[in-house]
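With the hints as a guide, dock the two chains, each given alone in a separate frame, to form the complex.
This is what each chain is made of:
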Amino acid sequence: MNAERTVLSRLTAHGLLLVGALLMLLPFLWMLCVSLLSADRAQAATVSGDLLRLLPTDPQWQNYPDALSQMGSRRWQGFLDALANSVVITTLCVIATALSSSLVGFAFARMRFRGRGPLFVVMLATMMLPAQVTMIPLFLLFRHLGWIDTLLPLVVPAFFGNAFFIFMYRQFIAQIPESLIEAAAIDGHGWLGIWWRIALPLCRPVTAICAVFTFIYVWNDFLGPLVYLHSDEQATLAVALNSFRNQYGGVNKVNLLMAASLVTMVPCILLFLAAQKQFIEGLGKGAVKG
Amino acid sequence: MFMRGGSDAGVTRPTRRVSAAVVAFAACALALIVWSFMRVGSRELSRLLRANDGTELVVLHWSGEGGPEEDEIVERSLRAFEAAHPGVRVRRINPGDAASFYTKLQTMLASGDPPDVFYVGAERVASFAAMGLMAKLDGMLAADEVANDPSRLHLDDLYPATVEAFRYDGKDIGRGDLYGIPKDFTTVGFYINATLFAKAGIPLPKPDWTWDDFIATARTLGTLEGITGTEFVTWPMMVRAYLRTDGLDTHGANFDEVRLRDPKVLASLDRLRAWRHDEERALTSGKSKLATGAAVFTTGTVGMAGPFGRWVVPEYRKIRDFEWDFRPLPRGAVKSNVIATVAWAIADQSKHKDEAWKLVRWMTSEESQREQCSLGLAIPSNRHVAESPAFLDPNAAPISDDAFLAPLRDPECDVRVVDWPADPVYEQLLGSRLDQALRTADLSLDAAVADFERTWSQHRLSPLVQGTFDPFPWRQAVTATAIVAAMILIALVIFYARGIRSGSARREELAGLLFASPWLLGFLLFMAFPILMSLALSLASWQGVSTLDQARFVGAGNYAQLLLHDERFRRSLWVTTYYVLVAVPAGQIFALLAALLMNTKVRGIAIYRAAWYLPSILSGVGVAVLWRWVFDPEAGLMNAALRPLLGLVGLAPPEWFGRDAAVWGPPAFGIMSLSMIGGTMMIYLAGLQNVPQDLLEAASIDRVGRVRRFFVITLPMLSPVILFNVLMALIGSFQVFTQAFVMTGGEPGDLTRFYVLYLYNQAFELYAMGYASAMAWILLVIILVITLILLRSSARFVYYEALKK
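Here the protein sequences come in this chain order: A and B. The numbering of the first sequence is this note's numbering, which starts it at 1 and goes up by one. The numbering of the second sequence is this note's numbering, which starts it at 1 and goes up by one.
Be careful, since some hints might not be right.
[Claimed, not checked] DEER-style ranges, computed between Cβ atoms:
| no. | chain 1 | residue 1 | chain 2 | residue 2 | range |
| --- | --- | --- | --- | --- | --- |
| 1 | B | S502 | A | L270 | 50 to 56 Å |
| 2 | B | A698 | A | T57 | 55 to 61 Å |
| 3 | A | L51 | B | A450 | 42 to 48 Å |
| 4 | B | A194 | A | T57 | 26 to 32 Å |
| 5 | B | R708 | A | L22 | 30 to 36 Å |
Since the hints were made in silico from the structure, they are not lab data. Since the model is a prediction, treat every value here as computed from it, not as a measurement. Heads up, the beta-carbon is just placed ideally off N, CA and C, and yes, glycines get one too.
Bound-form chain B, shown alone (with noise of 0.2 Å):
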C-alpha cells in the first residue's frame, strides 16, 4: 500500500486531468472576471452620464423583522411615491440590521450628508433630539391643516401613546415637539405554546392574567418531561415593563432621581431573579438566551417565551409542530404595559425638507400602513387600520390578535413607550449591572444596583459632562501639524542630502526608498490624515453625529476620564487581555503543530490541508448563528462532547455566555479562533517549506533524533515567521471584535464586552466619538509596547539569513 512506486507512478497520470480541470477552472475565473467588470463598467459609465435632473430623496432604513419581504414592500411604496411625483426621485438605502443602519447612519451625518428621511426608534428619540439630529414636525402639520392639503396627516387617526413617543421638550418624553410620525408599533407580552398548556392539562391564561398566576403555570408547565416553564429575557426594556406593572420603575419623574434603592423595586426586582436562579424548571435561567432569545419558543421546549412584542409573529407563523397563541403583560399592583415603537423622522440638515414631509406623510398613510401590516410584523400606528381585517386577520396565528390591541383600550391600563434620557449610558450602565444580576451568579442584585449608583454618577458628574468646553481649535491644529510636517521634511532632506555615501550605497538608498513608496504614499494619503484626526478628536468631545466644527476641546480630559472614573473600561480591558492570554499561546501551538502534521506526505493532503482551512473562509452572519448553537449550554454540540467527559469527573459543562460567562465567556471566544487557525498554519506551513532539506538530512544522517532536529533546526530557521505570527496574534486579538459584537454583544453584563466592542458601543451608540479615539491611541499605546519588547527581545532568539546589521 505504501510502496512509493505505486504511489509515483499514480501521480503522473492524474496530472494531465488535473492541468485539464485547472484550464476549465481558469476559463471559467476569466469569463466570470470579464463579464463581472463589463457589467460594473458599463454601469458606471451611465452612471456618470445620467443627467441629475429633479429633486433626489435619500431614504435610509433597515429591514425589520420582516427581513427581505419587509424591504420589497417598502421598494414598492417608495416607487408608488415617486410615480404620484412627477420630478421627485427617492434613493433607497437599506444596510439590514439596525446596528449596521445606526453605523451607516452616523458617517452620512458626520460628513454632512445626512438622509433626507430615516427611521428612528423610540429609544433614541431623546438623544437624537438632544442632539439636533431630526426636524421638528408641528409645524409641517399645521401647515397642512391652513392650506387644507386633501393628503395631509390626521394625528388623531394614529394611536395616541405612539405619537407621544416621539414628542420630547429637552427634558421628558411624551411632551414638547414632534419628532417622527409613528410607522408602526406593538405591546408587550408572552406567547403561549398552547399545545403544552393542554398537555400538563391548564387552560389557557385568561387576558387579565397576573404574575401570580404566570409563575404558577410555568411551574406547571415546568414539571413536563424536558419542558422548561417560561423563558424570560431581562432587556432593560423588558425589565422596566415587567417593574412598571408593579406600579415601579427605576427612577422617578425624572431621570435624575434613581429609583432602585427603593425596597418595593428591589423586591420586585428579586422576585424577578429568584424565579431565574431558583427554579430552574420554571424559568431558563438566562442558559438559552443568546441575542434574540425568541427561536427557543419554537422548538416547542419552552411553554412560554417574553416579554416579546408583535415581531416574532412572521417567525412563529412558521411553526407546524404545535399551536400557539398571544397573551399581553400579566398585571402586577398595577395594569400596565408598554409599546416599542419605530418613526420616520426627516434629518433636520436635509435640502428638501418639503419633498421629505410628503414621503413621510405617504408613508404613513392609510393605504400605505394596509399594505405594510399584512406580513403581522407589527401594529398599524393608523387606528382605523389596526380595528380592522387588515390587521385583525382571522386566518393566521395568533388567534388573539386582539389581545395586542386589549391594553390600549383598557382605561385602566397604563400604556406608555419605554422612555430614555437623552444621555444613552444610563440605558447601557443600568442594562449591563441588571443583565449580569439576573443572568449570572456572580453579582448579587444589591452589588448590582451600587455598581450602577456609582458608575452613573461618576460618568454625570464628570467634567467631559459638566464642564463647558471651547471650540476645538481645528485652525491652530492645522496650522501647527502643517509647520511640523515641514519641519520634519526639512529634517529629513537635510538628514539623507548630509550623510556623504559611496555612489553605489546612495543609489541603493534611493531604490530602497522608491520601493517603499507605494507604502509611504499610501502612508500620507490614506493612513496619516485618519491617524492625526483620530489624535485630534482624543483631545475633543465630538459626537460623531455633527460636522467637525462642532467639537469641543477637553484637553486631556478623556485620558483621564479613561483611566481614572471608567470602570467599564478597566473590564474590558481585564476581558480582552484574559481573551489574549487563552487565544495567542493556544492558536500559536495549534497551528504550528497543524503545520507540522500539513508537512508530512501522506496521501490525500492536499485534501486535509483544505479541510482544516475552511472555517477560516466562513464569515458573517450565517457563522454567528452556528457558533450560538454550538455553545448552547443545553442544546449546544460543545456541551453534548463535555457532558460525558466532565460527567466521569462530577462535573457539569460550563453555561459559556450564561451564569459563567466571567471564567469561560472570554475562552469560549478563544475556542472559536482555534477553529480559524487556517491563515496561521497556512504561514507557518510555508515556513516549514523553507527550511532546507538538506540540513535536515544531514542531521539525520548524523542520527541527530526527530524531536532534536526540529529544535535544533526546525524551529531556528522558523523563528522569523514565528516572530511574524505572534505579533499578528496578537495585534488582532488585542482587537478581537466581530464575533463578540454578533453572537453576546458583550453581554452577559460586561463579561464579554472586549475592548473594541466597548470602544465602538462609545463610538456609535453613546455617541463619544472622541472618547473612543481616545481608547484607541491606549490600545495602539498598549500594543505597540508589547510589539516592541517582542522585537528588541527577538533579537536573541530570531534567526535572519539578510537584515544582519
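Extracted from the complex, chain A is given alone in its bound form (with noise of 0.2 Å):
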C-alpha cells in the first residue's frame, strides 16, 4: 500500500516537475528557434501568432558566426574582447564576494559584538536605496579616483561584500549547531580557522548559490559597465550585445541578437549545471549529521 502510494507520488511530482520544466524551457526554445531563422522570417514570427512560422525549416547556422563577428565595431576582436573582458570582471567577483561576504556575514550570525544589530540594520538599509541614484554620485566618485574607463570600478567593491549574500550567508551560518562550533573551539582553533574550517565547508550549497547569482549578475549586468566603461574595447559582453539595438530601443536583426544572446549565456547554464551538484552534496553530507 505505502510503495503504492510512493510510486503514486512520484509520478505526479514527475509529472509536475515536467510540465514546468516545459514551461520554463519556452523562452529558451523560442530564442533557439529564432536565432535559426533567417532575417525577414525572423522579424515576422517575432510579431504572428503562427507558431508553425517559428521552427527553423532551414536552419540558418550562419547566424551564429554572423553574430559573434558582428558585435561590436571590430570584426571578432569586439567579441573577444568583449569575452575577455567579461570574464575577467566575473571571475574576480566572484572569488571576492564569496569570500568577503562570508567573512561577514559569520561575524554578524556568530561573533558577539557591541553594535551588530544597528549596523546589520544599516547594511539592509544600503539595498534599498535604488541603484539609478546613488550611480552618479558613485560615478563621481570613482571619477575622483581616477578609475574611470579601467576595470577598477567593477571590480573593487566585490571585495568589501555585498548586503545581499552577507545576509544569506548570516541566515544559514545561524543554523549551524552551537555544538559543532564549541567543539571546533575546544580542538584550539580561532575564529578564522572556525570560519574556514567549519562555516564555509557548510555553506558549501550557500557559496555555490553566492557564485551562480554573481556570475549572472555581473555577467549580464549592463548599467555598470554602460556607465564607467568608455572604450570600445573595454566593453563586456552585456554592453557589446547591445550594439544590435537601434535609436529607439528596437532591434534590428533580432535573429543575430537571439543567436548572440544564446552564446552570451552557455557560461551561465555550464556554471549552474557544475554548481548545483555542489549545491545539492555539499550539505547532505557534513553537517546535519552533527
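Okay, here's the thing in C-alpha cells:
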C-alpha cells in the first residue's frame, strides 16, 4: 500500500516537474528557434501568432558566426575583447564576493560584538536605495579616483562584500548547531579557523548559490559597464550585445541578437550545472549529522 | 523500474564518466580564464604605457535604426577624418540605443568630462540649449566664411526646415542661435501593403490623399479576412503631426497657451480616438502596439502602418512576402507634414572646439552623407545628396522615395519639426495623458485634457519651478558632515572603550569587528558617500548635467512637491504597490512549492532543476522581445493559452498592455517575475537541505502525517530562509524597473510606470536629479519601515539555532 502511494506520488512529482520544466524551457526554445531563422522570417515570427512560422525548417547556422563577428565595431575582435573582459570581471567578482561576504556574514551570525544589531539594519538599508540614484554620485567618486574607463569600478567593490550575500550567509551560518562551533573551539581553532574549517564547508550550498548569482548578475550587468567604461575594447558582453539595438530601443537583427544572446548565456548554464552538484551534495554529507 | 538497487548500481558507474567531463570542463574554464586575464592584462598594460600625444576628441553617438551597419559607417568616416587630420585622435563611444546614450551622456556631463561631439535629437534641443550644454555654431560658420575655408559648410545646401530645427532663441525653436548641424532627417507618413490593396481591389492612395480617403481605405482593407486596416501609433509627436494636418496644435504660438480645450482640437482628437476604439477592424486599438509598433507591418496582417518616418525602411526591406510603398501624411483642413531629425552638436565645455567643429563639418559633408545614406534609413540633410540617385535609389524599396521629399517641395505644405518647450515635463505629461485616453478605455478625452492642464500647472506653478534659490551650501554641508562624523567616531571610541568586558568577550568583539571590517570599509568607501550625497541632493535642485556647484538649495521643496502635488508620483506608488501585492506572495509560494518538488528524490532531478532555473539566466534585450511576443493580445502565447479556457465562461483574454492595462498591466509583470523564481527556489532548496533528516524520520516513525510534518518541522526550520527570501523579494519588487523600462516604458499612460521607472524618468529624462533623489529617500523609508516591522515581528515566528540574545 505504502509502495503504491510512493509510486503514485513519484509519478505526480514527475508530471509536475516535467510540465514546469517544459514551461520554463519555452523562452529558451523560442530564442533558439528565432536564432536559426533567416532575417525576414525572424522579424515576422516575433510578431505573428503563428507558431509554425517559428520552426526553423531551414536552419541558418551561419547566424551564429555572423552574430559574434558583428558584436562591436571590429570584426570578431569586438566579441573576443568583450568575452575576455566579462570573464576577468566576473571571475574576480565571484571569488571576492564569496570570500568577503561569508566572512562578514559569519561575524553577523556568530560573533558577539556591540553594535551588531544596528549595523545589520544599516546594511539591509543600503539595499533599499535604488541604484539609479547612487549611480551619479558613485560616478563622481570613481572619476575623482581616476578609475573611469578602467575595470576597477566594476571589480573593487566586490572585495568589500555584498549585502544580499552577507545576509544570506548570516541566515545559514546562524543555523549551524552550536555544538559544532564549540567543538572546533575546543580543538583549538580560532575564529578564522572556525570560519574556514567549519562555516565555509558547511555553507557550500550557500557559496554555490553566491557564486552562481554573482556570476549571472555580473555577467549580465549592463548599467555598470555602460556608465564606467568608455572604450570599445573595454566593453563587456552585455554592453556589446546592445549594439544590436537601435535608436528607439528596437532590434534590427533579431535573429542575430538571439544567437549572440544564447552564446552569451552558455557560461551561465554550464556554471549552474557545475554548481548544482556542489550545492545539493554539500550539506547532505557533513553538517546535519552533527 | 523504481527498484532502489538498480538505480543505485546505475549511479556508481556514470560517476567516473561525469568526473572526466567535470575535469574537461574545469580545464576549459581555466584555460578561458587564463586567456582572458592575459588578453586584458596586456591590453591594460599597453594602455598605461601609451603616450598621450596630440588632441583626443571624444565622440558619443548611438546606432540609429541602422544598428551595427550604421555603426560601421560612422566608424569608417571617423577613421577617414583621423587620416585627414594628423595629430587628432578620435575616441568613439556608442552605447547602442538612444536611452543608453542619454544616460551615458548625462553621467559624463555631470562629472564635467563631456564628450566633445555628440548626437542630439531635435526634441531635446530646447532643453539642452536652456541648460547651456551645447556650443553655439554661428560664430564658427562665420569664421569659416571669413577665412574662405575650402571645406567650409554651406548651410544653404541643407534643407532649411532641418537647420531651423536646431535654432533656439530661449523661447522658440526655429529662430535664434544654431546648436547643431543636422546629419539627416525624415518626413513621416504611412507605409502601405500594396499586395493587400490589390487583394481588396482598391487602388493605391494618391500622394495628396485626405484623412477621409485614409479611413475609407482602412475600412475596406479591414474587411479582408484576418486583416486590420491600419496601425496608427499615438506618440505625442505623431498626435501633434496629426493635429497639424487640421491646422491645429496642442498649444498656441507659445507653450504657455494650452489649446487642448479648443472644440476643434477636441473634435479632431476624438475622431482619432473613435477610429481606434469603435472600429476594431479598421484601426488597431493599441493592442499590438508595444514599443515601436513598426514590426507589426512586416507580418503582412495590417494594410497600412504609421505615421512612421524613414527609419523603418531598412527593416521593411527584408520583407519578402508582399509589395509595399510609402505615402506622406494625409491632408486634413491643410497640407502639413513634420520632420524628425538628429544633429551633431559640440559640447559647450569642450576643450577642443576647433577640432570638434572640423569633425562636425566632416561628418555632415556631402561625401559623408552620400556614404551614410546607403543604408536608406534617413534622408540626407544635404539636398544635393537627397535629390541624387544616392538616396533616390530606384533599385531599392520603397518605389516612392520621392514621396518623402514631396512635402518639402510643395510650397503649400507646412513642413516643420515638432518642437517641444525647454521644460521636458510638458512632453511627458501630454504624452502620458493622451496615450492613456487614446489607447485604453478608462480615461475619456475630456478627463485626459483636464488631467494634463491640472498637472502641468501644478508643475509650472510649483515653488521648485517658480522660486529662485541660493546655491547649495556645499562647504557648510561638508563641514557639518565632517563634524557629525567626527562626533560619531568619538562616541564609538568611548562606547567601545568604556564597557569593560572580560578578556575573551573583548577578543571576540575585536575579532567580530575585524571580520565585519570588509563590509564596514566598503560601506564607508563606496556607500556612505553616494548615500549622503543623494540625501544632500534630495534637498537640492540639480539637473545632473552640470557640475555640482550649479546645484541650488530648495530645502524640503522636493519632498513637499512629491507628497502634496505630484499625481504621477502617487500613481507610480499605487502601480508599484499593486505589483508588490501580486508578485511577492505568488512568487514566494510558487518558489517554495517548486523547491519542495525539487527536494524529492526522483530520477533526472538535476535536469529538472536546471530547466526550472534557466529563465533566471535570461536577461537583456532578447528577453524583452520575447515577453512582448508572449503578451501580445492577439498573436501572443499567453492569450492563445487563455482563450479556450476563458472561452468556457464566456470571457475574452485581456489586452495586457492595451485597453486593460490598469487591471492587468502590473500582474503581467508579476507573471513574468514568476518565471524568474529560480534564484529564490534555489535558496529554499538549500534551506530544505538544512532541515535535519533525523527529525523528519523520527516524526515519520511516530506516524506524523506528511502535511503535518511540513508544518510542524520543515516550516519552522525553514523560517530564517523564508524571512530572508520575503525581505529580498520585497526590496526587489519595490524596485522593479528593468522589464518595464524595456517593454512598455511605463505606458499606456502611466499604467505600468513603476516607482523606480518614474524615478529614472525624473533623473535622466526630465533632468531633475534632486527630485529623483528625494523619491529614492521616500522609497527607502517605505521599505525600511516594512522591513523593520517584519524583522520585529519575525522574532515570534522565526527560529534560529544561534543569534539568541
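Going through the hints against the structure:
no., hint, result
1, B:S502 <-> A:L270: 50 to 56 Å, "holds (51 Å)"
2, B:A698 <-> A:T57: 55 to 61 Å, "holds (59 Å)"
3, A:L51 <-> B:A450: 42 to 48 Å, "holds (45 Å)"
4, B:A194 <-> A:T57: 26 to 32 Å, "holds (27 Å)"
5, B:R708 <-> A:L22: 30 to 36 Å, "holds (32 Å)"
Going down the numbered hints, you'll see the structure goes against none, and every one checks out.
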